[in-house]
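Trainee: First to last, the protein sequences are chains C and G.
No gaps in the numbering here: position 65 of the first sequence is 65 in the numbering used here, and each next residue is one more.
In the numbering used here, each residue's number is its place in the second sequence (first place is 1) plus 100.
Mixed in with the good hints, there may be bad ones.
What the hints assert, rightly or not - Below 27 angstroms or equal to it, Euclidean Cα-Cα: the simulated DSS-like pairs (lysine-lysine) are: (1) C:Lys-85 with G:Lys-198; (2) C:Lys-51 with G:Lys-109; (3) G:Lys-123 with C:Lys-63; (4) C:Lys-57 with G:Lys-198; (5) C:Lys-75 with G:Lys-307.
FYI, nobody ran anything at the bench for these hints, they're computed from the structure.
The model shown is predicted, which means the values in this text are computed figures rather than measured ones.
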Amino acid sequence: MKNPFEHLDKVLEHSVRLQIMSVLVANESYDFNSLKEILGLTDGSIASHIKALEKEKYISISKSFVGKKPNTRYKATERGRTVFKKHLDALEELIKQQKK
Amino acid sequence: MKEVQDYEKDIASIRNMMERSVKFISLSGLSGVIAGLYALAGASYVYYLIYYPYSPFGFRFYYANQSEVIIHLLTVAIIVLVLSIGTGFWFSHRKAKKLGMSIWNRASQQLMIDLIIPLATGGLFILILLSRGYYGVTAPACLIFYGLALINASRNTYSEVRYLGFTEIILGLISALIPGYGLIFWAIGFGAMHIVYGAVMHFRYDK
């Protein structure tokens, strides 16, 4: 990688979005409440970051019902996984270069 | 512009999120130790029922092939199982509370599904064998299916669970090779090993 900065993703520079993507890349899918528990954030703040990730088509959303409760699940898309991987590689490369 | 420490922090948070989202970290080591004690108590009771006053390694006059004995043994096994699961839930619930997490999250659900499939298969398989008169395979089959269930579920919790799974499978296979010592292997696998691995997990993660 000649210039790792070019591979850093603007959307993922935000730490909450990066954390959400980490969870979704490590798991096949994740529901809203479990995501909230693990991130320790409010509904509103998670929802806004989710929206940003969805707009970029990094994640997909599926809504269903468990009994009467709505159950919203999130999945990382292929595009999301690729971008995440590139971003992670760039981060590692930057650390390597700056440590020299 | 971000500094190198920021990138390192990013990477650390990625790793942390991946681990925490996949792994059920509320699993209590202490409940493993207690489950081991229940199993040893159950095994001792069965020993008194079948072997006493002879050594469990020696020759015996009673064999576990009369239906009353079988029902008695099954009852003991089910009591041990129910108490162990109950204790596991209770202690893990306490640990989850301490960690500020819920016991019923994505990781624990996945853990349950991965455990239940091999366990239910093994349980039904053993009951079918018992009903057809194959008593000798009960202990090895219990150990082997339990070991497979643990290995299957281990990706959603601590790595010790995986090693416990391998240990149970090895014990089960040896037990199958040496018929007549099922109770001993059962006591080692479900009693002693739960105490050992439970204690390791307790000192590593619960402190």
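Trainee: Mind checking the alpha carbons of Lys-75 (chain C) and Lys-307 (chain G) for me, to see if they're no more than 27 angstroms apart?
Mentor: Roughly 35 angstroms between the alpha carbons, so the hint for Lys-75 (chain C) and Lys-307 (chain G) is violated.
Trainee: Within a Cα-Cα threshold of 27 angstroms, do Lys-51 (chain C) and Lys-109 (chain G) meet the stated pairing?
Mentor: 24 angstroms, holds
Trainee: Next pair to validate is Lys-85 (chain C) with Lys-198 (chain G); report whether the Cα-Cα distance is within 27 angstroms.
Mentor: 34 angstroms, violated
Trainee: Taking 27 angstroms as the top limit, are the C-alpha atoms of Lys-123 (chain G) and Lys-63 (chain C) close enough?
Mentor: 24 angstroms, holds
Trainee: Has the given pair, Lys-57 (chain C) with Lys-198 (chain G), been kept, meaning a C-alpha gap of at most 27 angstroms?
Mentor: It is violated: about 37 angstroms lies between the C-alpha atoms, which goes past 27 angstroms.
Comparing the model with each earlier hint shows violations of hints 1, 4, 5; every other hint is respected.
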